[in-house]
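A.B. asks: Construct all of the structure, not just a fragment, from the sequences and the given hints.
Protein chains: 2
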Amino acid sequence: MLTVALPKGELLKNSIRLLQSVGLDFSGFLDSGNRQLQIPDASGQAKALLVRAQDVPVYVEYGQAQLGIVGYDVLQEKKPQVAQLVDLQFGYCRMSVAVKASSSYKTPLDLPAHGRVASKYVNCARDYFQGLDLPVEIVPLYGSVELGPITGMSEAIVDIVSTGKTLRENGLVEIATLYESTARLIVHPLSYRLNMGNINQLVEQLRVEQLTVNR
Amino acid sequence: MLTVALPKGELLKNSIRLLQSVGLDFSGFLDSGNRQLQIPDASGQAKALLVRAQDVPVYVEYGQAQLGIVGYDVLQEKKPQVAQLVDLQFGYCRMSVAVKASSSYKTPLDLPAHGRVASKYVNCARDYFQGLDLPVEIVPLYGSVELGPITGMSEAIVDIVSTGKTLRENGLVEIATLYESTARLIVHPLSYRLNMGNINQLVEQLRVEQLTVNR
Numbered sequence: 001m002l003t004v005a006l007p008k009g010e011l012l013k014n015s016i017r018l019l020q021s022v023g024l025d026f027s028g029f030l031d032s033g034n035r036q037l038q039i040p041d042a043s044g045q046a047k048a049l050l051v052r053a054q055d056v057p058v059y060v061e062y063g064q065a066q067l068g069i070v071g072y073d074v075l076q077e078k079k080p081q082v083a084q085l086v087d088l089q090f091g092y093c094r095m096s097v098a099v100k101a102s103s104s105y106k107t108p109l110d111l112p113a114h115g116r117v118a119s120k121y122v123n124c125a126r127d128y129f130q131g132l133d134l135p136v137e138i139v140p141l142y143g144s145v146e147l148g149p150i151t152g153m154s155e156a157i158v159d160i161v162s163t164g165k166t167l168r169e170n171g172l173v174e175i176a177t178l179y180e181s182t183a184r185l186i187v188h189p190l191s192y193r194l195n196m197g198n199i200n201q202l203v204e205q206l207r208v209e210q211l212t213v214n215r
Numbered sequence: 001m002l003t004v005a006l007p008k009g010e011l012l013k014n015s016i017r018l019l020q021s022v023g024l025d026f027s028g029f030l031d032s033g034n035r036q037l038q039i040p041d042a043s044g045q046a047k048a049l050l051v052r053a054q055d056v057p058v059y060v061e062y063g064q065a066q067l068g069i070v071g072y073d074v075l076q077e078k079k080p081q082v083a084q085l086v087d088l089q090f091g092y093c094r095m096s097v098a099v100k101a102s103s104s105y106k107t108p109l110d111l112p113a114h115g116r117v118a119s120k121y122v123n124c125a126r127d128y129f130q131g132l133d134l135p136v137e138i139v140p141l142y143g144s145v146e147l148g149p150i151t152g153m154s155e156a157i158v159d160i161v162s163t164g165k166t167l168r169e170n171g172l173v174e175i176a177t178l179y180e181s182t183a184r185l186i187v188h189p190l191s192y193r194l195n196m197g198n199i200n201q202l203v204e205q206l207r208v209e210q211l212t213v214n215r
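So the protein lines, in turn, are chains A and B.
Under the numbering used here, the residue at position 4 of the first sequence is numbered 4, and the numbers go up by one with no gaps.
Under the numbering used here, the residue at position 87 of the second sequence is numbered 87, and the numbers go up by one with no gaps.
For the record, the hints were derived by calculation from the structure and aren't laboratory data.
Heads up, a few of these hints could be off.
[Said to hold, decoys possible] The list that follows gives simulated cross-link-like pairs (lysine-lysine, PhoX-like), each with its CA atoms no further than 25 Å apart:
1) A:78 x B:165
2) A:106 x A:13
3) A:8 x B:47
4) B:79 x A:78
5) B:165 x A:165
6) A:79 x B:8
7) A:100 x B:100
8) B:100 x A:47
9) A:8 x B:165
10) A:100 x A:8
C.D. replies: In structure tokens, the structure reads:
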């Protein structure tokens with residue numbers, strides 16, 4: 001039986017809809033009273049795990065789930081040993097550098113050397129500024145990264161932006177984009193190579209379905 | 001003006017109550033409709049930041065907040081450069097090793113060498129098993145750590161336990177305790193040494209208040 005790791009949060013609804021379109025029903029996770037972390041598909045073909053977005057690649061990497069759906073941003077940050085097979089096109093957002101709207105920084109290169117950048121995505125932020133040859137100090141935060149510049153702890157942040165509402169509400173503006181992100185179908189490489197549980201067929205169905213939906 | 005970093009979640013209510021007892025009112029954070037991340041005290045003496053528990057020591061370490069309240073578990077995991085001044089006695093929990101109730105592991109030393117331990121507290125877990133001289137692989141997770149043993153990804157978990165309800169519901173049992181944790185008052189070392197904003201007096205008041213409440 002195949003196991004699919006699904007991310008809590010933003011991507012869950014679309015992920016479940018996509019799997020429904022290929023005959024796998026995990027809509028039980030969407031019930032507001034749901035407390036279950038794993039549920040079987042009614043057909044008995046597969047089961048699903050409901051986990052934090054950052055944990056999806058962990059379950060797939062260890063082969064506890066053969067398939068997973070997760071944002072490109074998480075894959076960029078963690079660089080897990082998984083196969084990225086299909087861009088599912090939903091869950092668009094971008095990884096951006098933002099600063100106080102009142103500051104004089106118009107591009108990342110305007111930031112002071114050894115300035116501070118607060119981020120939940122410390123690897124993405126570090127790689128980006130190393131690529132610019134600008135030495136900065138990355139301040140790792142777990143939430144409300146926008147407080148970095150507001151409190152004066154950091155000159156900038158590197159964070160996910162979708163509508164930009166949070167930035168605007170906090171008086172911040174984007175000055176650069178590191179990359180754009182969408183949901184991805186990831187697969188445990190060995191399971192894919194050995195076609196465990198006929199996984200290749202399911203991946204093909206999901207690929208076709210995704211193309212049909214987004215045409 | 002002094003800034004206090006307060007943790008979202010479990011410890012917030014008691015933290016706010018304690019600060020009220022020394023004349024600082026940040027109860028606005030408890031309003032269900034609150035979206036503010038920083039609020040001033042009515043007296044104008046201080047302001048408070050509302051941040052993730054893991055971020056409290058970051059704000060205090062960088063001196064953006066002179067004071068903070070955070071669980072000992074977070075301090076053990078992050079080892080931030082802050083002064084730990086008062087054990088506030090509330091927010092009791094313990095860091096435990098747990099395994100499937102149906103397993104044969106009665107102590108951590110029963111775990112297989114090179115077995116896997118899932119945890120959100122990777123540093124605590126690593127230090128503990130190194131201390132036992134038992135080489136294990138730590139699997140870093142962000143949430144629902146109990147899925148590790150349930151899915152078979154790991155033999156054990158290292159996680160915070162308060163009532164034990166989550167463990168019981170998931171068929172897990174504790175086999176060892178790493179340490180017990182309560183809320184701590186932490187201070188920015190330099191601010192304390194220089195007695196910025198008369199911080200020493202406030203710390204003393206909090207210490208006395210805490211003793212009175214817990215007598």
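A.B. asks: Each hint needs a verdict: does it hold in this structure or not?
C.D. replies: These are the hints, each one checked on the structure:
no.	hint	verdict
1	A:78 x B:165	violated, 31 Å
2	A:106 x A:13	violated, 37 Å
3	A:8 x B:47	violated, 34 Å
4	B:79 x A:78	holds, 23 Å
5	B:165 x A:165	violated, 38 Å
6	A:79 x B:8	violated, 30 Å
7	A:100 x B:100	violated, 49 Å
8	B:100 x A:47	holds, 21 Å
9	A:8 x B:165	holds, 22 Å
10	A:100 x A:8	violated, 30 Å
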